[in-house]
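Top to bottom, those sequences are chains E and L. Residue 258 in my numbering sits at position 258 of the first sequence, and the numbers go up by one each step. Residue 1073 in my numbering sits at position 73 of the second sequence, and the numbers go up by one each step.
Be aware that one or more of the hints could be misleading.
[What the hints assert, rightly or not] Here are the simulated distance ranges between beta carbons:
| hint | chain 1 | residue 1 | chain 2 | residue 2 | range |
| --- | --- | --- | --- | --- | --- |
| 1 | E | Glu-39 | L | Leu-1099 | 46 to 54 angstroms |
| 2 | L | Asp-1049 | E | Lys-438 | 49 to 57 angstroms |
| 3 | E | Arg-432 | L | Ile-1133 | 29 to 37 angstroms |
| 4 | L | Lys-1005 | E | Thr-273 | 49 to 57 angstroms |
| 5 | L | Lys-1073 | E | Arg-432 | 47 to 55 angstroms |
| 6 | L | Lys-1041 | E | Glu-39 | 44 to 52 angstroms |
| 7 | E | Asn-363 | L | Tyr-1047 | 32 to 40 angstroms |
[Claimed, not checked] Calculated lysine-lysine pairs in the DSS-like style (CA-CA distance at most 27 angstroms, straight line):
| hint | chain 1 | residue 1 | chain 2 | residue 2 |
| --- | --- | --- | --- | --- |
| 8 | E | Lys-467 | E | Lys-517 |
| 9 | E | Lys-411 | L | Lys-1021 |
| 10 | L | Lys-1008 | L | Lys-1055 |
| 11 | E | Lys-400 | L | Lys-1021 |
| 12 | E | Lys-411 | L | Lys-1074 |
| 13 | L | Lys-1055 | E | Lys-369 |
| 14 | E | Lys-304 | E | Lys-181 |
| 15 | E | Lys-161 | E | Lys-534 |
| 16 | L | Lys-1055 | L | Lys-1041 |
| 17 | E | Lys-411 | L | Lys-1055 |
| 18 | E | Lys-304 | L | Lys-1055 |
| 19 | L | Lys-1074 | L | Lys-1008 |
| 20 | E | Lys-358 | L | Lys-1055 |
| 21 | E | Lys-369 | L | Lys-1021 |
| 22 | L | Lys-1073 | E | Lys-411 |
[Claimed, not checked] Some chain E residues close to chain L (C-beta under 10 angstroms, calculated; not the full set):
| hint | residue |
| --- | --- |
| 23 | Arg-296 |
| 24 | Ser-298 |
| 25 | Arg-374 |
| 26 | Arg-378 |
| 27 | Glu-409 |
| 28 | Val-414 |
Worth flagging that the hints you see were computed from the coordinates, not collected in a lab. Quick caveat, the model's predicted, so the values are computed rather than measured. C-beta: ideal position from N, C-alpha, C; glycine also.
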Amino acid sequence: MSSAVLDERLLRRKVNMIMNIVQSNKLFIHHELLRVRVERRIINLPLILTMAILNALVPKGTMLLYGGHGGGKTTLAKILGRMMTGTPLKKIERSILRAHPHLTEEKAIARFDVARLMSGEEVVQWSEFVKTFWKIIDEVNRLSPHMQDVLFSLLAEGIVKYGSEVYEVRDYVLYATLNPKDVGTFPMGAPFMDRFSIAIQVTMPKAPHLFDILGRRDAKLYGFDEDTQVPAIMTEEEIINIWHIIDDTITVPEESMFFITYLIGSFRACIRTNKENAEFLNVDSGLCDNCHFNTRESVCNKIKTPPSVRAAKDLERYSKALAWLLGYDKVLPNFIVAVAPFVLWHRLDYPENILREKPYYGNKILLTKDLVQRVFNRYARRGRRILEIIDRGWALKLTKSDLDELNQEAKADVFVASDVQPIIKSISEDSRYATYYKQVEEILNMIKVGRFDEKTIISKIDDLLSKIESDVTVTGKHKLVRELYNAIFSLTKRTIKMKLGEWREIQIDLIKQIPLKSLKRFFKDIIGGPLYRKFYGMPEIEIRVTIPSDDDNAIMTMDIAGGKLALRVFETIEKLRRNLR
Amino acid sequence: MKGEKLSKDMLIEIARDMFNKALEDFFYPPIPEPRIIYDPKSSEGFYIDPENDWKTTLNVTLVPKGLTLDEIKKFLRFVSRHEIGHYIICPYDLVTSILIISAAKKVVGSYEIAMFIANFFADVIDDVERNGIFPGDPIILDAFSTRDLKNEYKKLSPLIKVLIRVKEILWTEINLSKISKDKRDMINKIN
Chain E
1 MSSAVLDERL
11 LRRKVNMIMN
21 IVQSNKLFIH
31 HELLRVRVER
41 RIINLPLILT
51 MAILNALVPK
61 GTMLLYGGHG
71 GGKTTLAKIL
81 GRMMTGTPLK
91 KIERSILRAH
101 PHLTEEKAIA
111 RFDVARLMSG
121 EEVVQWSEFV
131 KTFWKIIDEV
141 NRLSPHMQDV
151 LFSLLAEGIV
161 KYGSEVYEVR
171 DYVLYATLNP
181 KDVGTFPMGA
191 PFMDRFSIAI
201 QVTMPKAPHL
211 FDILGRRDAK
221 LYGFDEDTQV
231 PAIMTEEEII
241 NIWHIIDDTI
251 TVPEESMFFI
261 TYLIGSFRAC
271 IRTNKENAEF
281 LNVDSGLCDN
291 CHFNTRESVC
301 NKIKTPPSVR
311 AAKDLERYSK
321 ALAWLLGYDK
331 VLPNFIVAVA
341 PFVLWHRLDY
351 PENILREKPY
361 YGNKILLTKD
371 LVQRVFNRYA
381 RRGRRILEII
391 DRGWALKLTK
401 SDLDELNQEA
411 KADVFVASDV
421 QPIIKSISED
431 SRYATYYKQV
441 EEILNMIKVG
451 RFDEKTIISK
461 IDDLLSKIES
471 DVTVTGKHKL
481 VRELYNAIFS
491 LTKRTIKMKL
501 GEWREIQIDL
511 IKQIPLKSLK
521 RFFKDIIGGP
531 LYRKFYGMPE
541 IEIRVTIPSD
551 DDNAIMTMDI
561 AGGKLALRVF
571 ETIEKLRRNL
581 R
Chain L
1001 MKGEKLSKDM
1011 LIEIARDMFN
1021 KALEDFFYPP
1031 IPEPRIIYDP
1041 KSSEGFYIDP
1051 ENDWKTTLNV
1061 TLVPKGLTLD
1071 EIKKFLRFVS
1081 RHEIGHYIIC
1091 PYDLVTSILI
1101 ISAAKKVVGS
1111 YEIAMFIANF
1121 FADVIDDVER
1131 NGIFPGDPII
1141 LDAFSTRDLK
1151 NEYKKLSPLI
1161 KVLIRVKEIL
1171 WTEINLSKIS
1181 KDKRDMINKI
1191 N
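Please model the entire structure based on the sequences and the hints provided.
Structural data, given as structure tokens:
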């Protein structure tokens, strides 16, 4: 068994240990369950705790903990920070951003060093909150709109600005608590809410659990014992390592990928308008009147603001983290069903009359769960067949009966009517797509039967790629380009293994010989270190670097794939290594 | 075995199953669960209500007598398809429904008669189109013929007789080429 596998198991065991400690030490008590259907059984996990843990297993995870005072939201974020990063609780406490309407940039983000400012020097001192890995914002909706904007750029681009300086917040995990509206709160705009990847409602514990809470030691008097009650189990590096393990090892099979597409698509779909731009007419103001799909069972007529592309990406990220936590190597559609309500509910806006109805009584999560389940039920019955028809459509292999079925399906499924049918139609009517597709197919067949000379076929692919990419009007261009890139990446994948010391010797020469500026920067930034991983991704080239430590003898693994550029990089590195010997 | 005697509950259960199968046949359109009743005294039959969220009502006491279990299932599946067909095929949506009624009203003047005609027109379109999708499907006329037309045609009111005849003509005109010999014979018999 490789050490990488052992590392991974150890890390998972540590995460499970944290969950166990939180429960057994009664640090956060809650009764709600996250039910994950796996094959024929149901796995029950503590809902809030699991979602909060998942948030740390996702790079730059951002989580909203919504609920009334005293539910333990901030405490949960703090104790997880202690156990998952090993940071002392006092330090975590110091870095918490406690929001209030008068919070200024100077208190929250940064300020000039006063002593040096007196001598005319503008030196920015960044706040603990900005610098810390484990970020907590307490009562985020008490931030004024201006401060929301400041934080928006942190969440959106991972940068914060102060004066003329910019701080790049590279790796972090963020938890924000949110209280119900009161006199001191501000509304939070949809784009700001969209930056929070998941959100959970923290409700008061049920009576038996409250009984448990009453029986425990008074934390106000003693605080938490950092050796026994909230011990340091993991480190920041280990969390970052898990991010990479998840990214490297957890796959999202085509059917799961399609389910995400189908789910988000079904929430966005409308045969009349693009809802994201529907300013004057929406589902509760006449948009759906007399529409064929305006029925109680439909999903489309209940969504005012559809989820963004970011939501789709978050669904993928959090489902992958759940798969890893459960010890799976791929994302099953049921994992997506489990996390979807918490990725979506806070980003969606529902008509009030629907939300008020029984059995929702204003509970947005419940309504979101119900809608996700409806889409999943439909997907479970028809998803595979719809995907098959789409694939046949792209491959120009649709029969008359496929087309009849598609037309029929479009009368029953708004997603097919708005997203699938028009695309399939435009592909089948575009003669240029057919011409290009034939050429792509020819290349793929040559690769399949193994009758090719690598350099010739790569230059053939490159030529065809540039032809297709410069043709602005061809339908389904992304599909053709993706097929070609997939082919070229699988053809040119090379792995280089060398000692870190050897890399350090060739690094400067390599940078000199490489043409692309961003690539030069990438190679320049490779420094090594414990559990070091770095990734460079451009459409035409991908490089993945792993280095286990910063020792000169550590073996550095570099995977390179892509077209001509990838080959050139590979050959240059090999040549420089030969010269060393 | 002919003349299957089924309990009320069994009949309702079969109707539910067959409605679900019909939903599957149409790739699960977003319409609600049907309202299935067993009420011999009710004037309700089989219908879908576009103005009430496309809710289908199936009064299973109208299942023809003397059928085998398989025939009962076939009948209920086909009736369910017919009703769902109104959502999928004609009138398809409320706007189309209103357009058909107003077109009829322009000719006959009375709203009530226009409604009647619009329903009949939608039935015909539904039957013809559905027959193209499910070639084995009987047309709605068969349902009537099973119970009413063979034995009780003479008891039908003149209006119903006229409308059935109108329906046959429309159906024949629209779908002449698809008519089987059996059906043609049946139409002739009714004439």
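request  = For the pair supplied as a hint, Lys-467/E and Lys-517/E, confirm whether the alpha-carbon distance does not exceed 27 angstroms.
outcome  = holds (25 angstroms)
task = Would you mind confirming whether the straight-line C-alpha gap from Lys-1073/L to Lys-411/E stays at or under 27 angstroms?
result = holds (25 angstroms)
task = Under 10 angstroms, Cβ to Cβ, is where Arg-296/E needs to be relative to chain L, so tell me if that hint holds or is violated.
result = holds (5 angstroms)
ask   = Does Lys-161/E pair with Lys-534/E here, judged by a C-alpha cut-off of 27 angstroms?
value = At roughly 25 angstroms apart (the allowed maximum being 27 angstroms), Lys-534/E and Lys-161/E satisfy the hint.
request  = Let me know if the C-beta of Arg-374/E comes in closer than 10 angstroms to any C-beta of chain L, holds or violated.
outcome  = Check passed: Cβ of Arg-374/E comes within 8 angstroms of chain L, closer than 10 angstroms.
key: Hinted pair Lys-411/E and Lys-1074/L, Cα distance within 27 angstroms   = holds (24 angstroms)
task = Go ahead and decide if the range 47 to 55 angstroms is satisfied by the Cβ distance of Lys-1073/L to Arg-432/E.
result = Given range 47 to 55 angstroms: holds, Cβ gap about 51 angstroms.
key: 27 angstroms limit on alpha-carbon distance, applied to hinted pair Lys-369/E and Lys-1021/L   = At roughly 26 angstroms apart (the allowed maximum being 27 angstroms), Lys-1021/L and Lys-369/E satisfy the hint.
ask   = Does the Cβ distance between Asp-1049/L and Lys-438/E fall inside 49 to 57 angstroms?
value = holds (51 angstroms)
query = Between Lys-400/E and Lys-1021/L, does the CA-CA distance stay at or below 27 angstroms?
reply = Holds. Lys-400/E to Lys-1021/L sits at ~24 angstroms (cutoff 27 angstroms).
query = Is 32 to 40 angstroms a correct range for the gap between the Cβ atoms of Asn-363/E and Tyr-1047/L?
reply = Given a distance of about 35 angstroms, which is inside 32 to 40 angstroms, the answer is holds.
message = What's the verdict on Lys-304/E and Lys-181/E, does the C-alpha distance respect the 27 angstroms limit or exceed it?
response = Distance of about 21 angstroms is within 27 angstroms: holds.
Hint compliance for this structure: no hint is broken.
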